[in-house]
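J.: Full structure from sequences and hints, please.
Chains as they are written, first to last, in the numbering used here: chain A, 2 to 252; chain B, 26 to 326; chain C, 662 to 974; chain D, -9 to 293.
Hints in this document: simulated from the structure, not taken from any laboratory. None of these values were measured; they are calculated from a predicted model. From the three backbone atoms N, C-alpha and C, an ideal C-beta is built for every residue, glycine too. Each hint should be verified, as a subset may be incorrect.
What the hints assert, rightly or not - Chain B regions said to be covered by chain A (calculated; three or more residues, Cβ under 8 angstroms): (1) 249 to 255; (2) 258 to 270.
Unchecked claim - Derived list of chain D stretches under chain B, where covered just means 3 residues or more per stretch with a C-beta under 8 angstroms from a C-beta of chain B: (3) 70 to 83; (4) 96 to 107.
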Amino acid sequence: MNVAVIHNILLRLLRLRRLIGLALLTGMPAGVLFFLTFGNSEQDIRGFYEMLNITVLTIIALPVTALVLASAAFGEERNDQTLTFLVTKPLPRWHIALSMLTAATLATFAVGGIGIVAGWVVAAVAVGDATIGLNTTVGLVVASLGYSAVFVPLGLLVSRSTLTGLAFIFIWEFIIGASVTGVSTFSVFRTALSAYGDVGTVTIDAREALEGVLGNVIPGVGGAFAKVGVLLVLSLAFTTWVLRRRDLANE
Amino acid sequence: MVDGSDAVIVDRGYRHYEGERTGSRGAVAAVVREGYRRVLGLRRKARRKVLPWFLISLALITVAIFIGIHWVASSAPIGRGEAPELLPRYGEYFDLISVIALLFTALAAAELFVPDRVQGVLNVYFSRPLNTDRYLLGKLIALASLILSFYLVPQLIFHIGLAAVDDSGFLTYMSENLDVWWKVPATALVYFAVHASVAVVIAAFLPRVGAAAGLFLGGMLILNLLAGFFIEGTNLWFGRYFGLIALEQHPRYVRDWIFDIDTIEHLPERAGFDPWTSLGVSIIVFIGAVLVTRWQYRRIA
Amino acid sequence: MTTGAQHVTDPTVQLASLSKWFGQKVAVSDIECSFGPGVTGLLGPNGAGKTTLLRLMTGVLVPSSGSLSIHGENPRANPDIYCRIGLVPEDEAVYNHLTARQFIRWSADLTHVGDAAIAVERAIRAVALENAADRRLATFSKGMRQRAKVASALVHDPDVLFLDEPLNGADPVQRAALIDLFVRLGAEGRTVIVSSHVLGEVERMAGRVIAMVDGRLAAAGPVAAIRDAMSDIPRKIRIESTDPRALATALLTAPFVTGIAIEANVLHVQSAEPVQFAYMLPEAARAAAVRLTRVDPEDDSLESVFRYLVDGR
Amino acid sequence: MNLVETTSLSHDYGGTVLALDNLNVEIPGGVVGLVGANGAGKTTLLRIILGLLHPSGGAVTVLGTSVADDALGLRSRIGYMPEGKCLPLDQTAADFVAFTAELAGIPSTEARRRASETLFLVGLHEERFRYLGDFSTGMQQRVKLAQSIVGDPDLVLLDEPAAGLDPAGREQMLDLIRRLREFGINVMFSSHILEDIEQTCDWVVMLDAGRLVRNAPLEPPSDGDEVSVEVIGDPELVATALIERGAQTFVDGQVIRVVHGGVEDVFDLVIEALAEHEIGLRRMGTSLSSLEDLFLKHEAERG
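T.: Following this line, the structure appears as structure tokens:
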């Protein structure tokens, strides 16, 4: 890990325009929730909050945010041809890989965090329960780590990584993950939701939706973290291998 | 010129052009023609033709299937003439075609607007007798004619097909269904106004074709999703106005109104708006899109 | 080049039958040479494989076959060697979100420079970017961006420098300053490898030249020696004079003048032996009482080397 | 008629820095070189001539027409080759050039024919049906030139036409530019490489920081000038001989620069000295060093 590398990548990833765009995306559920707090019962608000978190936030906004940021970590270096500067520095290759993974995770966590904190505040004030956003935050941590592990090497390997990543989300996460039982365990947002479902209380409506999405994946924080942990180790090893053995520029 | 004993060596070098110049109008026409070629992938690598022609053939195949259903229904010995209202007609066909057209619009708008800007070709355009407004006019004509054709050509085939398989005979069917001639184009226009506006505004700002198309499709989806939450959950007096952000739903609502269909409750309807409002929103979105796009291009030109 | 002119006695960078291919396309083919202290020009037309070779040497690309070493180390195997290497890549790209100072500081931090702040200021001064150091690189002109890249490659005081077309986009003033800088760096005993396709520039800074054509080593040695070696290539010479017809008549007597074309007051002379011709020309002009106002070899020397190597003409 | 006339032309991009500062020039027809350092205002001037940029002060007349009055009409008589990328990489060369001819107001069948002929002129006839994305830098640069002349303009503006080309490519490009004059097309092209300008132009406009430094014909060699001579053999012998005849010389490698203030002809002096000592003459000419010196001198004065 290297502080200068991480700092530089974070500066680059969190450009103001992109930050605003992504913050609007992850903040959308909070905005919606704000209007739903008027005139609804606490139980209903809790239900809306959880449904928004599960459907809009975890299934759409977080994957997209993570995709944009994590694939850009190496992707922008590659496409802007600045990767040359980075790989001709006296750093062990695994330091570069780990720094990128860290930066991508931090960036995703920070941007996703904007939306989550906003929603958390709105919900906590409306319901009077300060712990209400805890499960979503745990889900965010799992999602940031998991998606970074997938998209960071993708950005290094593929030139149109955002599009490829989008295809990954649609095909792997949405279609195959929903229809093939064996695969759903390895779907990142299901892993995030399995952690979500294991923390704090979940309303009945949300519980149904959650089980619908999860299929046969059993909720569990420990399992979720174990899974992303393995994913991260694999990702780190693979990224390091690419940095050591493969061409780092096009023709 | 050449007889047996003479030889002629012709070196024309650079020829000056003495003919008429078509001026700015010719330049706009060239932009339109080039727009067609770009969207349809003509005179480009085969890879570029796949998506547009896949969508076009999808539209035509579904027409054929619809006509087939009608033909089977009308020629079946049992149940002839029964429950004709269950058979899909013009309005229902819009349901199907509008989903394909949504993809086609995403592709067409992105292809028309993104590459010119990103590849720097605008520098060439604007060094010719062409200014921002005329350039955008050319693009708008290209987009409108492509997308409206995408809606209307299959519908025309559908209309002729329905007349051909109808029991009452071709001409009788035609004369009994004259209202189709304004209902279908009017509906297509509303679909175009909303879909194309949003797609063009996005394409005018994003630097990549894929990203522009993706954001357009994803944006339409998310707006519907959010509007649903608002309509269901909010108790505020202005909460229902959020029902209007489901842009994708407005043309559908207007269509049902024009064709007098009442099977699904669209989001604006659930929020308590009448079709006139949806029509109004569609027009406002269109005008807004024209203004924003024009502003953006004046800024970068 | 069987004489071994591609090798130096005190090599810092050594390439052993280095090759690189992308799919079917061979970009660099069996390059065998070495580089030592001083400025060496890496010369070749666009697409000759100069950039690929520099990327191979700096470990950005992996050789398809062959090997390389910098101070005895392969950078891929031992990244620590990058402490002693500076690279200015050809790509125009820089970190657009940083200021020049931040960018150079970043390089300094990653190369373990002792007193980074001082080193950064020194590098900025070396490329005369003091006035623009706190502007974002995105606002820089091409020439300024090149200088920022040069500064970032110099900040850790490397003794091997790889510069890929560093003068691209620089105007005459900036170019003169950069050339001075490179010459000075070479004189300090650093190995400076500069690629370029503008021959005049290479001649002004490099004592030794490695020329590449089509991925292969085409020539190696001192600039002057290469000139001499190639001086017998038949060449056209363009001459402006007061009386071209009289001059033409005088020149035609020489056996090595193989053709003359007259165009207004300009003569285009085709000579099989340009050196001989050069010796003959002043005498012939004086004898014919013709006043010469301009003489130009139509193919500048090293350009014609390329063309000769590429097209055989 | 002058090609371009400006009267107190100024432009700023909204900041305090003037991209053009009170420019008054009259530029005659022919091949005109526009020289200056990066940021001297070359591109700004070209874009103002095209009417793409509205100057913040002053006026421009191009080909006898005021740009402010009829920019669109003028643009059908002007061709423009922008600096940098401007080609749609998914089109073939023939399609793109024909399209740009149509943009210039030529009907489409004629446009296709002209496109083919123009690509022939720039040496891309065989490659005209290939996609631009597969072209090398040099080929792309020639396509850019082709699109600028396909519409039969009276004037073409070329922004750094030789940038990024290798020597062979650069020479071909300069050759093409020289030929444009034979075709009756006026050329105005910008470059920061002085040699390019000298080899092609008959008029030079030099800008620095938006101000005019020089607006004059590229002088044919004249008696009072400095002459640079590249020799084969010992340059010192020649230098000594020249000094004896009252000339001032500077020797730099094989190149001798000769300054002569006297009445006698410098060229004759040089030839005499060379013939006398049997030294070979490789290259001789005036302007190269003079223009560059002027440029460097001006830069130095500015600090």
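J.: Verify this for me: three or more residues of the segment 249 to 255 of chain B with a beta carbon less than 8 angstroms from a beta carbon of chain A.
T.: Result for this restraint: holds, n = 4.
J.: Mind checking, does the segment 96 to 107 of chain D have 3 or more residues with a CB under 8 angstroms from chain B?
T.: holds (count 6)
J.: Examine the segment 258 to 270 of chain B: at least three residues should have C-beta closer than 8 angstroms to a C-beta of chain A.
T.: holds (count 6)
J.: Three residues minimum, CB to CB under 8 angstroms: does the segment 70 to 83 of chain D make the cut for coverage by chain B? Let me know.
T.: holds (count 11)
In this structure, every one of the numbered hints holds.
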